[in-house]
Amino acid sequence: MELVSKKADKKTTRIFPLITMATVPPLTDRRTDGRIERQTDRQTDRQTDRQTDRQTDRQTDRQTDRQTDRQTDRQTDRQTDRQTDRQTDRQTSRQAGRQAGRQKARRQAGRQEGRQAGRQAGRQTDRQTDRQTDIP
Numbered sequence: 001m002e003l004v005s006k007k008a009d010k011k012t013t014r015i016f017p018l019i020t021m022a023t024v025p026p027l028t029d030r031r032t033d034g035r036i037e038r039q040t041d042r043q044t045d046r047q048t049d050r051q052t053d054r055q056t057d058r059q060t061d062r063q064t065d066r067q068t069d070r071q072t073d074r075q076t077d078r079q080t081d082r083q084t085d086r087q088t089d090r091q092t093s094r095q096a097g098r099q100a101g102r103q104k105a106r107r108q109a110g111r112q113e114g115r116q117a118g119r120q121a122g123r124q125t126d127r128q129t130d131r132q133t134d135i136p
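Each step along the sequence shown adds one to the number in UniProt numbering, with nothing skipped, and position 85 is 85.
In case anyone wonders, no lab produced these hints; they're calculated from the structure.
Incorrect hints may have been included.
[To be verified] Now the in silico label distances, taken between C-beta atoms and shown as ranges: (1) Gln120 - Gln99: 27 to 33 Å; (2) Gln71 - Ile36: 29 to 35 Å; (3) Thr80 - Thr52: 40 to 46 Å; (4) Thr40 - Thr68: 37 to 43 Å; (5) Arg46 - Gln67: 29 to 35 Å; (6) Gly122 - Gln91: 29 to 35 Å; (7) Gln79 - Asp45: 49 to 55 Å.
No experiment lies behind these values; they were computed from the predicted model shown.
We put the beta carbon where it would ideally sit given N, CA and C, even for glycine.
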């Protein structure tokens, strides 16, 4: 750009830039540049939005998966614990019942043996007594 001075008055001097065709792009080039710039901006925005959406989706999916896994694990653990407890309680009850049954059977057998032995002894005594009384 060159500077050319023109005297408008004797008092003031104005300086006007001399514009050559090489320094200013034609109007059509400027329009094209603006259009390209806007298009590039839109593409960049779309790409950024897609990228952000993908990352957000991935993060949300991971978070959801983790929470679901934790919840499922807790639920499974609780059910397993309950089932194991019930099973253990049943086995303990059965075992205790069997034990009590055995003890009862022993007591009854003991009583039975006692009765049997008492009867036997009583018969023995009766026979003995009969023999003694039958002696002429």
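Each hint tested on the structure:
1. Gln120 - Gln99: 27 to 33 Å: holds (31 Å)
2. Gln71 - Ile36: 29 to 35 Å: For Gln71 and Ile36 the Cβ distance comes to about 52 Å; the hint is violated.
3. Thr80 - Thr52: 40 to 46 Å: holds (42 Å)
4. Thr40 - Thr68: 37 to 43 Å: Distance hint for Thr40, Thr68 holds at roughly 42 Å.
5. Arg46 - Gln67: 29 to 35 Å: holds (31 Å)
6. Gly122 - Gln91: 29 to 35 Å: Violated: the Cβ-Cβ distance is about 46 Å, outside 29 to 35 Å.
7. Gln79 - Asp45: 49 to 55 Å: 50 Å Cβ-Cβ, so the 49 to 55 Å window holds.
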